[in-house]
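Here is how the chains run, residue by residue.
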Amino acid sequence: MTIVFDTLAKIGFFFVLIMGLVVVLIWMERKGAAFIQDRTGPNRASIGGVRLAGLVHPVADVFKLLFKEDVAPANRHAALYNLAPWLVMTVAMSTYAVIPFGDYLTVAGRRVPLVAADLSVGLLYVLAIASLATYGVVMAGWASNNKFTFLGGIRATSQMISYEISMGLALMGLVLVFSSLRLTDIVAGQGDLIWGFLPKWGVVVQPLGFILFIVAVFAETNRNPFDLPEGESEIVAGFHLEYSSMKFALFFMAEYAHMVIGASLIATFYFGGYQIPWLPRPLIEANAGLILTLKLIGVALISMMIAMLFFRRAQKEKGKFGDARDREPVLGAGLWVLVAGGALAGLVLKPWTIGPVGADMVASLLQVMAFVAKVVFFAWLFIWVRWTLPRFRYDQLMHLGWKVWLPLGLANLVVTALVMAIV
Amino acid sequence: MNVGLPHFLTISAVLFALGLFAVMSRRNAIGILMGVELMLNAANINFVAFSRYVQHGIDGQIMAAFVIVLAAAEAAVALAIVLAMFRNFGTVHADTVQSLKR
Amino acid sequence: MTSDLVFILLALLTIVPAVWVVFSPNIVHAGFALLFTLFGVAGLYAYMGADFIAVTQMMVYIGGVLVLVLFTVMMTRVPLGKRANYGLDRFVPAGVLSLAVFGLLYKSITSVDWGAGHTEAVPTVAEIGTNFMTNYIFPFEYVSLVLLAAMIGAAILIREEKFSEDEPENGETEVQS
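Chains as they are written, first to last, in our numbering: chain A, 1 to 423; chain B, 1 to 102; chain C, 1 to 177.
Calculated from the structure, these hints are not laboratory results.
Note that the coordinates shown come from a computational prediction; the quantities given were computed from them, not determined experimentally.
Treat the hints loosely; a few may be bogus.
To be verified - Here are the in silico distance ranges between beta carbons for each label pair:
(1) B:G4 / C:M133: 26 to 36 Å
(2) A:M420 / C:S111: 28 to 38 Å
(3) A:W86 / C:I152: 36 to 46 Å
(4) C:Y142 / A:G358: 51 to 61 Å
(5) C:T134 / A:D70: 28 to 38 Å
(6) C:V122 / A:I11: 26 to 36 Å
(7) A:V415 / C:T134: 18 to 28 Å
(8) B:Q55 / C:Y142: 19 to 29 Å
(9) C:A149 / A:V16: 31 to 41 Å
(10) C:M133 / A:A34: 46 to 56 Å
Here a beta-carbon is modelled for each residue, glycine too, at the ideal position from N, C-alpha and C.
Just chain A, same shape as in the assembly (with noise of 0.2 Å):
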């Protein structure tokens, strides 16, 4: 029963982390946004008087999308119509089952494998989950019953299975260096050296795979470059014309949840997981006591320091509202004060004479904290990407698919294995 509880706390902890970076990301897109093209974003909604930098957008956008009316076409195809934004939402989230997000975690003794399903052929049920999402697209595209909403849907399967092949061939080449299709033995192949100072990252083993791999990825969760099935100026908005309300809402968070999966993926293949550079889990161990310690007194002086920001800015905007917006600042500059304040009372505790069941659990939550940051980076990646560059033409996509990206992926992949069979 114990692992029944122990798979549902990592679809819990999954779940958590999927709807959470789904939330944050969307504040991320707008302002990143706003910060690339120079302008402030959204900053108006508020509880209170409190904006949180525009963290409430997110909120308010949920309620209006639950409030709003649901409209459908009358000529839909209700069935498909109505299975397919869960369909879409339910595949983006079970690409997860397979990622290491962990070494292990010790639980009353037992050894716990941060991962909810260590299959033997993961890299294979990541690509073919990623070949279902198409289903969810084409459903709706061809339920909704619109030629725009169809030409989306025709779009986004000729795209998928195009980059789904360069992915693959990118992939096969990680298979090749470390002999594996489990991504556990993956992540734990990427924590040891090279000539004693470089990490076996994927990125370094294999970087032409790593372009390769990314541009599919980009490909595949359709955005920007790359989001022709929703080129809002040429067919509208492509297979979500016809949805409204929750059901768009599904679409909306499985596009952040496809990125999310997509900068775990990243994460995971190519830039080590959630291993820690030069830091492999022995020494953290032994060191937890000075790494924790070390860790407190950083996060005490940085909120120190953003309290200290909030309240110069209370001073100089002292009374400049006239209304419940003056209150936020101080506000604020109490929460960060009070994260230093916990950060300095854990300090009494004295981290340094920790055990080693602490020193155990140390290293796990630094390995987990490690991959969320990894993730978080390659999301913001995405974002970047979409408010740089333009979009392609339909015709350049498929020629970049299938005459440049094959071939190279072959190379790659015969390249590599000519090194592996010399070295």
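Please build the complex by placing chains B and C on the supplied structure of chain A, with the hints as guidance.
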């Protein structure tokens, strides 16, 4: 119930019969192709079931992998033919395509 | 008992949509029903411990072949409302023949002693990979040749004379390497 070889063979037989029916009764060429896919899947279930319960090896699984790959090739060519047929005759019904030239 | 239940569910997931594939007058319905059947078959492979085949089924069949089938269904604008997929004249002989085939198969399944034993499923991926590169190297290379020929053939078949178009039929290359 002890799930064993006969259960899988029965499922496979049902799938094969259904596929055969589709191939014989469908007029749409794509429907016929779907029937062929059902029959191939039935054969595959047999391969894997025999390798699991009788041979205790993996030769059957390797055969199943080959069948899957060849089915992909077959589908690609067949669908290309269907598309060409649609372009030249304006229909995908297999029995209406009777002339040797356009 | 749980495993029996899983088997029954998988069998239903395979057979029920398959019936729909065969009898549905709407070809798009048939396509989406085939999706569930293929899933059920993948589940049956996994139940038999053939994890590699199960995932390959998902990747190639569901992710490649069926996507192409649906793509073609949509490209050819098959009559969505018209119910002209059957002729009764074919219904009867097809039914008789397939029932006869099923009866024959079922008779042989029940009457022959297959000598089936019961063993634990073994991990397969490494062994399959080794076999592809040693015992089955000739069929393996031959299959890749067939795939190449199929790819070129599909591209030529689909090409229009007026302008050359990007080939949409290439779901097979992902297994080629």
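**Q.** Violated hints, by number in ascending order, as checked against the structure
**A.** 2, 5 and 9
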